Amino acid sequence: MLDIKFIRDNPEIVKEAVKNKKANVDVDELLEIDKKRRQIMESSESLKAEQNSKSKGPQSPEGIEELKKIKEKFKELEGGLTEIEKKFHEIMLKVPNIPSEDTPVGVDESGNKVIRQVGKISGFPFKPKEHWELGQELDILDSERAAKVSGARFVYMKGGLALMEFALMQYALSVLTDSGQLKKIIKKAKLDVPDTPFIPVLPPVFIKPDVFQKMGRLEPKEERYHISSDNLYLIGSAEHTLGSMHMDEFIKIENLPLRYVGFSTAFRREAGSYGKDMKGMLRVHQFDKLEMESFTLPEDSVKEQDFIVAIQEYMIQDLELPYQVVAICSGDMGAPDARQIDIETWMPGQNKYRETHTSDLMTDFQSRRLAIKFKRDNKSEFVHMNDATAFAGRTLIAIMENYQTEKGTVKIPKVLQKYMGGLEAIQ
RNA sequence: GGAGACGUGGCUGAGUGGUCUAAAGCGGCUCCUUGCUAAGGAGUUGUCCGGGUUAAACUGGACCGAAGGUUCGAAUCCUUCCGUCUCCGCCA
1 MLDIKFIRDN PEIVKEAVKN KKANVDVDEL LEIDKKRRQI MESSESLKAE QNSKSKGPQS
61 PEGIEELKKI KEKFKELEGG LTEIEKKFHE IMLKVPNIPS EDTPVGVDES GNKVIRQVGK
121 ISGFPFKPKE HWELGQELDI LDSERAAKVS GARFVYMKGG LALMEFALMQ YALSVLTDSG
181 QLKKIIKKAK LDVPDTPFIP VLPPVFIKPD VFQKMGRLEP KEERYHISSD NLYLIGSAEH
241 TLGSMHMDEF IKIENLPLRY VGFSTAFRRE AGSYGKDMKG MLRVHQFDKL EMESFTLPED
301 SVKEQDFIVA IQEYMIQDLE LPYQVVAICS GDMGAPDARQ IDIETWMPGQ NKYRETHTSD
361 LMTDFQSRRL AIKFKRDNKS EFVHMNDATA FAGRTLIAIM ENYQTEKGTV KIPKVLQKYM
421 GGLEAIQ
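Numbering of the first sequence is given in my numbering, commencing with residue 1 and proceeding in unit increments.
No lab work stands behind these hints: they were computed from the structure. Don't take every hint at face value.
[Unchecked claim] List time: in silico DSSO-like cross-link candidates among lysine-lysine, alpha-carbon distance up to 30 Å:
#: 1; residue 1: Lys36; residue 2: Lys252
#: 2; residue 1: Lys113; residue 2: Lys188
#: 3; residue 1: Lys184; residue 2: Lys418
#: 4; residue 1: Lys188; residue 2: Lys411
#: 5; residue 1: Lys35; residue 2: Lys379
#: 6; residue 1: Lys184; residue 2: Lys113
#: 7; residue 1: Lys56; residue 2: Lys68
#: 8; residue 1: Lys279; residue 2: Lys184
#: 9; residue 1: Lys414; residue 2: Lys158
#: 10; residue 1: Lys113; residue 2: Lys35
#: 11; residue 1: Lys208; residue 2: Lys68
#: 12; residue 1: Lys375; residue 2: Lys158
#: 13; residue 1: Lys68; residue 2: Lys48
#: 14; residue 1: Lys221; residue 2: Lys208
#: 15; residue 1: Lys148; residue 2: Lys68
#: 16; residue 1: Lys5; residue 2: Lys279
#: 17; residue 1: Lys375; residue 2: Lys94
#: 18; residue 1: Lys276; residue 2: Lys190
#: 19; residue 1: Lys113; residue 2: Lys19
#: 20; residue 1: Lys279; residue 2: Lys148
[Said to hold, decoys possible] Ranges between beta-carbon positions, derived for each pair:
#: 21; residue 1: Lys86; residue 2: Ala189; range: 40 to 48 Å
#: 22; residue 1: Ala147; residue 2: Glu254; range: 51 to 59 Å
#: 23; residue 1: Ala152; residue 2: Lys35; range: 48 to 56 Å
#: 24; residue 1: Lys127; residue 2: Ile91; range: 48 to 56 Å
#: 25; residue 1: Lys75; residue 2: Asp377; range: 37 to 45 Å
Quantities reported herein were computed from a predicted structural model and do not represent experimental measurements. Ideal placement from N, C-alpha and C gives every residue a C-beta, glycine not left out.
Given the sequences, and given the hints that come with them, work out the whole structure.
See below:
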C-alpha cells in the first residue's frame, strides 16, 4: 500500500506506475473518494466531540433527549463514512508499488532486460537430455506414480535427488548464517552493507486470509490453495509467513538490518498455466524453497537487494552453473515490487535460461499494510522489506542438466559432495 | 475434541455503567543533587486517523485481544470470533 499523502501530492507519478504496471485503478476516483471521506470525517468527529462534552455525568431528561438526537445524526454520518472507507480501502489495496527508476518499462516479459551473463555455457559432445528424462532413467524422479496418488504436477523425488535437495539447502544455510562468508561476498561485490547473518527459520505453511492480503500476496486467489474448514491458505513461499512475522511490531533500530532465511514447502495451484512445462518438476504444485527475507532502514533497502543478488550469484557460481541476471520490467513484475531482479540459470536440456531465483524489493509497500515500524528521532517510520530465493527445487534441474554425462549419470557439484556423504555422482 | 479460567499501556497490575481525561509500581527518557563499581530528588512517557504547520507547537476523534450489539453514556453488560493458561482425551 502506498501512503495516501504521497498519492495526493504525486498523482501523476502514481498514474504512471498504474499504467506501466497494467493495474486497474482509477487514481482520480481514489482522490475524490479520499476528499469526500475526509469531509465526512470532519463533520462526524466534531459531532462526536459535542456528544462527548455534553454526556459527562448523569443527565436530566431534557439532556437525554438532546443527546439522543445527536446520536441519531452521528449514526447517519457514520454509516456513510463506513461505506466510503470500505471503498477507499478497496482501491488503496489495488494501487501498486511505484517501480524504481532503473526498472525497465514494458508490457510483458519481452520488456525484461538482461543485465549480465555469467559462466560459460559448456557444449556437450552428445545431445543433452532434459531433467525429466534423466530423472526417470536414474529412477530419482517419478511423476507417473505421483500422478496416480496426487494428480498432475506432483513428483516423487528419490534417492540421490532427495539427498541433493537437502545438500543444497544445507550448503546455502552454511553461507547465509556465516558472517565471515557474507563479508567475503560484500567485499567481492564492493558493497557497503553490514555482514549481519541470516537467522534460520522454519515458518508455518498456513496463513490467515487477512495477513495474506496485507502481504499483497493473496491475489490472484486462483493461484492459492484454500483450506475452507479452517479458512486458512497454504503459503506459496516462505516469504509469506516470514515477512508477516513482525506484523504490528516495532523493530528496534539497532536490530536493523534484520535478516531471516526460511525453509518451507511452497504450494501453488498453477492455474492458468495448463499444458505449460508439464514434464518433470519445473512447474509443480509443491516444491521446497529456501527464502531470504530482510528488514532494513528505508535508505538501505536498495543496497540490500544488491547484496541479496550478490549472494545468489555467489552461490550459483559456487555450483558452477551458467546464469543470467534479468531486470524485470514494470508490466511483468509483481504489484508489491519496486524492483524485481530474476536470475535465470542455463538448462542445457531445454537449451534455454530458465528462472530459478527471484529477488523482490518491496520498499515500504508491505510494511505499511503490516504495520512493521521502527523509531528514529522519536518518530515512527516503516521499515523496508526485501525477499528473495536462496534456492528452490528448480536449481536441482539446472544441476541435473548441466552435470549430466554421456552415460546418463549426473555428477554432483563439488560444494555439495560433503553434504552427501562424499557421493560424487548419481548413477 | 471436552471442561474451566483469563486477555487492560514497554512490563507488573487496579478498575464490574457516568468523577476513567485508565490508579499504582517497574522500566525508559530529560534535568538536578551527590560523588564513584552506587544512591537520592523533580519532571516526562503509547499508537492510529483527521485539522493545522516549511517543520513543530497546538487541536478533534479513535484505541483496554478483535468484530458486532445494548445504552443518552461501555474497559465494565450481551453475542460471535481469535489467542493464552490449567485439567482431561487424542497424538508425531
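Evaluated hints:
no., hint, in the structure
1, Lys36 x Lys252, "37 Å, violated"
2, Lys113 x Lys188, "24 Å, holds"
3, Lys184 x Lys418, "21 Å, holds"
4, Lys188 x Lys411, "28 Å, holds"
5, Lys35 x Lys379, "26 Å, holds"
6, Lys184 x Lys113, "28 Å, holds"
7, Lys56 x Lys68, "14 Å, holds"
8, Lys279 x Lys184, "39 Å, violated"
9, Lys414 x Lys158, "20 Å, holds"
10, Lys113 x Lys35, "40 Å, violated"
11, Lys208 x Lys68, "40 Å, violated"
12, Lys375 x Lys158, "49 Å, violated"
13, Lys68 x Lys48, "12 Å, holds"
14, Lys221 x Lys208, "13 Å, holds"
15, Lys148 x Lys68, "68 Å, violated"
16, Lys5 x Lys279, "49 Å, violated"
17, Lys375 x Lys94, "28 Å, holds"
18, Lys276 x Lys190, "40 Å, violated"
19, Lys113 x Lys19, "19 Å, holds"
20, Lys279 x Lys148, "15 Å, holds"
21, Lys86 x Ala189: 40 to 48 Å, "46 Å, holds"
22, Ala147 x Glu254: 51 to 59 Å, "52 Å, holds"
23, Ala152 x Lys35: 48 to 56 Å, "51 Å, holds"
24, Lys127 x Ile91: 48 to 56 Å, "54 Å, holds"
25, Lys75 x Asp377: 37 to 45 Å, "41 Å, holds"
In this structure, the hints that do not hold are numbers 1, 8, 10, 11, 12, 15, 16 and 18, in rising order.
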